[in-house]
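Asker: Input sequences plus hints: build the corresponding full structure.
Chains as they are written, first to last, in my numbering: chain A, 1 to 155; chain B, 156 to 310; chain C, 311 to 465.
Hints are computed from structural coordinates only; laboratory data are not their basis. Bear in mind that the values here come from a model prediction, so they are computed numbers and not experimental data. Among the hints, a few may not be true.
Said to hold, decoys possible - Below are the SDA-like pairs computed for lysine to any residue, each with C-alpha atoms no more than 20 angstroms apart in a straight line:
no., chain 1, residue 1, chain 2, residue 2
1, A, Lys-150, C, Lys-336
2, A, Lys-60, B, Pro-283
3, A, Lys-26, A, Lys-147
4, B, Lys-181, B, Lys-302
5, B, Lys-215, B, Arg-196
6, C, Lys-336, A, Tyr-146
7, B, Lys-216, C, Leu-342
8, C, Lys-457, B, Lys-216
9, C, Lys-336, A, Val-135
10, C, Lys-460, B, Leu-259
11, B, Lys-305, A, Leu-25
12, C, Lys-352, C, Leu-342
13, B, Lys-216, C, Glu-380
14, B, Lys-210, C, Ala-439
15, B, Lys-197, B, Ser-186
16, A, Lys-42, B, Pro-283
17, C, Lys-352, A, Gln-127
18, C, Lys-352, C, Lys-336
19, B, Lys-302, A, Arg-73
20, B, Lys-210, B, Val-200
21, B, Lys-215, C, Gln-437
22, C, Lys-336, A, Ala-139
23, B, Lys-216, C, Arg-381
24, B, Lys-215, C, Asp-376
25, A, Lys-60, A, Asn-46
26, A, Lys-147, C, Ile-318
27, A, Lys-42, A, Lys-26
28, C, Lys-370, A, Glu-70
29, A, Lys-42, A, Leu-122
30, A, Lys-55, B, Leu-280
Stated by the list, open to error - Non-contacting residues of chain C with respect to chain A, defined by C-beta distances greater than 10 angstroms in every case (computed):
no., residue
31, Tyr-372
32, Asp-378
33, Glu-380
34, Ile-419
35, Leu-432
36, Tyr-456
37, Lys-460
Stated by the list, open to error - To be clear about the criterion: a stretch of chain A counts as covered by chain B if any three or more of its residues have a C-beta under 8 angstroms from a C-beta of chain B, and this derived list gives those stretches:
no., segment
38, 45-52
39, 61-68
40, 79-86
For glycine and all other residues, C-beta sits at the position ideal for the given N, C-alpha and C.
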Amino acid sequence: MAKLTQLIDNEIFRAYATYATIVLLKMMLMSLITAYFRITRKAFVNPEDTASFGKGESAKKYLRTDADVERVRRGHLNDLENIVPFLGIGLLYALSGSDLSTALLHFRIFVGARITHTLAYLIPLPQPARGLSWVVGYAVTISMAYKVLKTALYL
Amino acid sequence: MAKLTQLIDNEIFRAYATYATIVLLKMMLMSLITAYFRITRKAFVNPEDTASFGKGESAKKYLRTDADVERVRRGHLNDLENIVPFLGIGLLYALSGSDLSTALLHFRIFVGARITHTLAYLIPLPQPARGLSWVVGYAVTISMAYKVLKTALYL
Amino acid sequence: MAKLTQLIDNEIFRAYATYATIVLLKMMLMSLITAYFRITRKAFVNPEDTASFGKGESAKKYLRTDADVERVRRGHLNDLENIVPFLGIGLLYALSGSDLSTALLHFRIFVGARITHTLAYLIPLPQPARGLSWVVGYAVTISMAYKVLKTALYL
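Answerer: This is the structure in structure tokens:
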């Protein structure tokens with residue numbers, strides 16, 4: 001039987017595990033920030049969420065959109081759109097036998113770019129801060145995809 | 156050459172494979188429920204989807220939002236936001252050499268929490284049913300992330 | 311220590327790596343198409359994105375939704391909803407010891423169906439082109455899930 005500790009003993013795989021977990025925790029933080037803004041701004045979308053504010057019209061006024069809530073939600077969706085490719089392509093890249101320092105470089109830049117993207121979205125920073133951080137994460141993922149296809153291509 | 160059956164012979168990995176597949180099938184079910192409500196409520200978003208109802212104004216009135224459709228879509232997006240971290244962190248956790256009973260506990264609670272979340276969203280149940288089921292799934296993922304980082308940390 | 315090249319030497323795993331990467335790159339392309347339509351249609355959602363068009367009312371008019379932008383965004387979200395299950399279930403399927411030609415058939419049909427789905431959404435083609443391509447990708451994923459559960463079931 002394979003010892004599963006074999007994979008997790010490999011340094012590149014450990015680096016992938018570390019950075020993938022960090023960037024997923026960052027993405028999960030978006031849920032908490034959304035909840036924070038929904039509660040402090042009193043801006044909900046489900047009628048059952050406003051039941052504690054009373055019944056009828058007094059509760060209905062909290063069923064509304066709020067600019068801050070929508071901003072966090074856009075950041076969250078952008079995370080999904082970009083972190084899902086990183087998770088899949090990054091895992092395959094970690095198994096493709098790159099050298100450790102190159103792999104670390106890819107993982108670190110991607111995670112740094114996504115943290116910057118979130119800060120640029122939520123503060124918000126003037127453009128092109130958000131655009132550039134997005135491009136950097138995108139380019140890192142493309143670079144890993146190129147390596148995966150070069151190593152593994154089997155059509 | 157590695158025998159790929161090695162991984163799938165490991166009990167923790169098999170447990171991960173089972174629960175990950177079940178929770179993904181549950182998420183995929185949301186697409187069918189959305190389609191069901193779009194068709195029964197006649198609430199579509201793409202003009203080409205209403206072509207069978209005739210042309211011009213008679214079809215245009217079906218390009219509208221419907222409360223039930225939007226509710227299923229919010230449940231689907233919440234699934235994506237929470238099941239993607241489970242997939243990634245759970246895979247790394249399954250490779251991190253936890254003991255089998257602890258791993259099963261994590262996987263079972265997560266999948267149970269997400270099924271409860273969907274029921275709470277669609278019925279809908281009064282709060283805090285949906286909130287609590289969301290928190291439980293979130294906490295399980297954090298617990299697995301902690302174990303992954305403790306085992307694999309390589310920055 | 312495990313040689314990570316072992317997994318990537320396996321033909322089924324290489325096929326998975328290839329098709330997963332291709333379909334993720336296709337999904338990432340949706341971000342570029344969204345950006346293209348946002349810029350050419352001048353339809354933005356974040357105030358900081360319109361700052362280069364001037365200040366005040368002259369910039370505010372570009373904070374609007376555009377039918378083409380929304381269409382690409384729906385295609386992108388549909389990708390997420392369908393490609394995430396393919397990534398997870400497909401990885402487990404690739405590790406479940408199917409035979410190579412059956413695995414290739416699944417991966418090729420899925421990727422072909424998703425490319426067709428995107429074309430049907432963006433051109434747009436009359437229904438049922440988009441609906442059918444969605445069903446085909448969905449059915450391939452269910453077929454892989456069945457094989458994973460038959461091989462690995464551990465509840």
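Asker: Does each hint hold? Answer for all of them.
Answerer: Evaluated hints:
Between A/Lys-150 and C/Lys-336 the alpha-carbon distance is near 17 angstroms, which keeps this suggested pair within the 20 angstroms criterion. Between A/Lys-60 and B/Pro-283, the direct Cα distance comes to roughly 18 angstroms. Compliance with the 20 angstroms bound is thereby established for this hinted pair. Our distance criterion of 20 angstroms between C-alpha atoms is broken by A/Lys-26 and A/Lys-147, whose separation comes to about 26 angstroms. For a cut-off of 20 angstroms, the pair hint linking B/Lys-181 to B/Lys-302 is broken: about 26 angstroms separates their Cα positions.
Using a Cα cut-off of 20 angstroms, the hinted pair B/Lys-215 and B/Arg-196 holds, with the two alpha carbons roughly 14 angstroms apart. Restraint check: the Cα-Cα separation between C/Lys-336 and A/Tyr-146 comes to about 14 angstroms, which is no more than 20 angstroms; the hinted pair holds. Among the hinted pairs, B/Lys-216 with C/Leu-342 is inconsistent with the structure: their alpha-carbon atoms are about 32 angstroms apart, more than 20 angstroms. A C-alpha spacing of about 43 angstroms is found between C/Lys-457 and B/Lys-216, which places the hinted pair above 20 angstroms, so the restraint is violated.
About 16 angstroms separates the Cα atoms of C/Lys-336 and A/Val-135, which keeps this hinted pair within 20 angstroms; it holds. A distance of roughly 18 angstroms separates the Cα atoms of C/Lys-460 and B/Leu-259; the hinted pair therefore holds under the 20 angstroms criterion. Of the pairs offered as hints, the one joining B/Lys-305 and A/Leu-25 holds, with about 14 angstroms between alpha carbons and a cut-off of 20 angstroms not exceeded. At roughly 15 angstroms between alpha-carbon atoms, C/Lys-352 and C/Leu-342 fall within 20 angstroms of each other, so this suggested pair holds.
Distance check on the hinted pair: B/Lys-216 and C/Glu-380 sit about 19 angstroms apart at the alpha-carbon level, within 20 angstroms; holds. Only pairs whose Cα atoms come within 20 angstroms are accepted, and B/Lys-210 paired with C/Ala-439 is accepted, the gap being roughly 19 angstroms. Between B/Lys-197 and B/Ser-186, the direct Cα distance comes to roughly 16 angstroms. Compliance with the 20 angstroms bound is thereby established for this hinted pair. Restraint check for A/Lys-42 and B/Pro-283: the C-alpha separation of about 16 angstroms stays at or below 20 angstroms, so the hint holds.
Restraint check for C/Lys-352 and A/Gln-127: satisfied, since their Cα atoms lie roughly 16 angstroms apart, inside the 20 angstroms limit. Distance restraint check for C/Lys-352 and C/Lys-336: the Cα-Cα separation of roughly 24 angstroms exceeds the 20 angstroms cut-off, and the hinted pair is therefore not satisfied. For the hint pairing B/Lys-302 with A/Arg-73, the CA-to-CA distance comes to about 28 angstroms; that exceeds 20 angstroms, so the pair is violated. At most 20 angstroms may separate the alpha-carbon atoms for a hinted pair to count; B/Lys-210 and B/Val-200 meet this at roughly 15 angstroms.
Between B/Lys-215 and C/Gln-437, the direct Cα distance comes to roughly 16 angstroms. Compliance with the 20 angstroms bound is thereby established for this hinted pair. Of the pairs offered as hints, the one joining C/Lys-336 and A/Ala-139 holds, with about 14 angstroms between alpha carbons and a cut-off of 20 angstroms not exceeded. With a C-alpha separation of about 19 angstroms, the suggested pair B/Lys-216 and C/Arg-381 falls inside the 20 angstroms cut-off, and the hint holds. Pair hint B/Lys-215 plus C/Asp-376 holds up; C-alpha atoms about 17 angstroms apart against a cutoff of 20 angstroms.
Only pairs whose Cα atoms come within 20 angstroms are accepted, and A/Lys-60 paired with A/Asn-46 is accepted, the gap being roughly 10 angstroms. Restraint check for A/Lys-147 and C/Ile-318: satisfied, since their Cα atoms lie roughly 12 angstroms apart, inside the 20 angstroms limit. With a CA separation close to 24 angstroms, the supplied pair A/Lys-42 and A/Lys-26 exceeds the 20 angstroms bound. Taking the CA atoms of C/Lys-370 and A/Glu-70, the gap is near 17 angstroms; set against the 20 angstroms cutoff, the hint holds.
In summary, the hint linking A/Lys-42 to A/Leu-122 is supported, as the alpha carbons are separated by about 18 angstroms, within the 20 angstroms threshold. The straight-line distance between the Cα atoms of A/Lys-55 and B/Leu-280 is roughly 16 angstroms, inside the 20 angstroms bound, and the hint therefore holds. Its beta-carbon lying about 13 angstroms from the closest one in chain A, C/Tyr-372 satisfies the requirement of being farther than 10 angstroms from that chain. Residue placement check: C/Asp-378 keeps its beta carbon more than 10 angstroms from all beta carbons of chain A (closest about 18 angstroms).
For C/Glu-380, the requirement that its beta carbon stay farther than 10 angstroms from each beta carbon of chain A is met, with the minimum near 13 angstroms. For C/Ile-419, the shortest C-beta to C-beta distance to chain A comes to about 14 angstroms, beyond the 10 angstroms cut-off, and the non-interface label holds. The Cβ of C/Leu-432 lies farther than 10 angstroms from every Cβ of chain A, with a closest approach of about 17 angstroms, so its non-interface assignment holds. The beta carbon of C/Tyr-456 sits about 22 angstroms from the closest Cβ of chain A, which is more than 10 angstroms, so the claim that it is off the interface holds.
No Cβ of chain A comes within 10 angstroms of the Cβ of C/Lys-460; the nearest lies about 20 angstroms off, and the non-interface call holds. With 6 residues bearing a CB less than 8 angstroms from a CB of chain B, the segment 45-52 of chain A meets the requirement of three and the coverage assertion stands. With 0 residues bearing a CB less than 8 angstroms from a CB of chain B, the segment 61-68 of chain A misses the requirement of three and the coverage assertion fails. Coverage of a stretch by a chain is defined here by at least three residues with a beta carbon nearer than 8 angstroms to that chain's beta carbons; for the segment 79-86 of chain A and chain B the count is 3, and the condition holds.
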